[in-house]
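S.K.: Sequences and hints are given; from them, build the entire structure.
Letter by letter, the chains look like this.
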Amino acid sequence: MQEYYYCYNNEVELLQALKSGDGTAVKAVFSKYFRPLCQYAEKLTGRLESAEDIVADTFVKLWHRREQFESLENVRHFLYRVARNAALNELRNEGRHQATHTELGNLYQEAHFSAEDLEEEEIRAELLAEIYQEVENLPDKCREIFKLLFFNGLSTEEVSIQLGIMPQTVRNQKSRAIQLLRAQLLKKGHLLAAWSLLFLLPHS
Amino acid sequence: MNMPLHRITELILKYHRHTLVPEEQEELQQWLAGSERRQQLFIELTDIKWLKEQLEQQDKYSEQKIWSKFEALVPEVLTSIPEPSIPLTKVRLLQRIGLRWAAAAAIFVLLGAGMLVYTRLHKTTANLAIPQVAHNILPGGNKAVLTLNSGQQIILDSAPKGQLTIQGTSQVSKTDNGKLSYAAIGPATGTAVLYNTLSTPRGGQYQVTLPDGTSVWLNSASSITFPTTFSENERLVKITGEAYFEVAHIISQKTFEKVPFVVEAGGTKVTVLGTHFNVNAYTDEDAVKTTLIAGAVKVSSGNISKMIRPGEQSRLNGKTNSYEIIHPDLEDVLAWKNGKFSFRNTDVRAIMRQISRWYDVDIRYKGNLSGIFFSGGISRKDNIDKLLELLELDGRIRCDIKGRELTVMPNEQ
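Chains as they are written, first to last, in the UniProt record's numbering: chain P, 1 to 204; chain G, 1 to 413.
Simulated from the structure, these hints should not be mistaken for lab results. Bear in mind the structure is a predicted one, so any value in this text is a computation, not a measurement. Treat the hints with care, since some could be wrong.
As the list claims (entries may be wrong) - Distance ranges between label pairs, derived from CB positions: (1) P/Glu158 / G/Glu63: 25 to 31 Å; (2) P/Asn93 / G/Glu264: 53 to 59 Å; (3) G/Asn233 / P/Gln68: 52 to 58 Å; (4) P/Glu13 / G/Gln39: 50 to 56 Å; (5) P/Gln133 / G/Leu138: 29 to 35 Å; (6) P/Glu70 / G/Gln64: 43 to 49 Å; (7) G/Tyr365 / P/Glu136: 52 to 58 Å; (8) P/Glu49 / G/Asn317: 19 to 25 Å.
Glycine included, C-beta positions come from ideal geometry on N, C-alpha and C.
M.R.: What follows is the structure in structure tokens.
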């Protein structure tokens, strides 16, 4: 999680760039956090479209306060807090708008989510984004095949038909994907990496 | 122990990769020992099937799309020229809220104002028209009947607390707070499977703890049938009406796998491993609705099936023979369990069906009531009058009660 600096060498450089108003630095932070934030906001509001708006707004706030951050952890914390407040605000406003009777409307003021619920959603979102990113980092062809096998549950034969390539090529790419995922984990310092997702791959 | 969230995520990620070092394992264990809820979450996050389902969903978050939205709001990022940020103008604020919402809000404000005026004018005459008869229809309460395997019935609301009977290897008792509870008192091996049924009348509700520790809340006019001892490889129960489940997570002593919990309700099968969900299978409702609160469940009917995620509700669409997924307001779905009625743009007839079940009244409709929706909530402990008064408040409908018959009609004045 802490190993992500985009085209910057380290956390300090990335934060420096952010402070100086470098658009690339914002994009770097955005690329890392838009996905979990989106999922988080979608879980809270129940709507993808609102989640997208909330995330865009959250980064606007980040941009305006870009000079105040001392660490990436700081940034992460800020992003979740802003997204959470925006989502909860939207829920509250919606409750108000939809209640026909003011008397009844008060009921919707009660919080829909406990502090624990919110924490859980944050953990879920972070974890999934992290795993997703590792798959995304695979080379194009490799990723396409991996996704068909893994996400869509196609067999080696089905993938070979769909992509018009030889079954042997599919098998080769599959083992390459596995190797690359392992290598990525090693690179990040996770020795003895045995990616449990790989057990999901259809046996063939 | 309070651990930063990102550390928890990191540990779970390492668990997935099998790269936890012993100290980290200890750290994770300690965190998990903190609460049952954490354990539930851990089970969910390490469920490979769940993970797979979730990852498939991730593609819908478009980096390009959201980045464009961001860029539109902060054009200076494009050029990255350091200049003082421009305060948001009103126009931009409107864009941000979304024109759709702004329009909706405006319409609401107009309607709201109109309604207030209308209600005021209307009230003076309407008050005279409402007959001042005490309805005295009380809300429902904890009432249920337990039918044993032999067919013998126990009326639970009047039964004494403590042990009621023994069924197979389970002790059946009524707890101090009036719940029904099953507890194993011996090994389940070799005994014949006995079935018990807990049913609530209209105006009743009841809570039961099944022999595996699963908690079930049964809404009014509902029933659940279950074996008094569950088998090693599957826990199967059948319900009618509506029930909320908090399924205990059980590992088979033979296979060391999680034992699935299966709920059969009106043609839909819900398969779970340990999770919280609500099933609404009233035959007078439009579809069997399964709402997941936490964990992961699979709903199936015949040869079609669908995994649902927390916060989602599945409805079986008879026409297309497929499951539709919506994101309902969970507070509305669980309102009954929390002692409330909660409506959100709910059709007046759907509201009346709930009233009928809880206050044990028959509903008659007079005139055209289509297109009348209500939003709001009220305690289920209130008498029927209070609820009807609120529904009549904005002058769209009128309710008349005679005996146990409630007549609902549009307000023509």
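S.K.: So which of the earlier hints does this model not fit?
M.R.: Numbers 2, 4, 5 and 6 - these are the hints that the structure violates, sorted from lowest upward.
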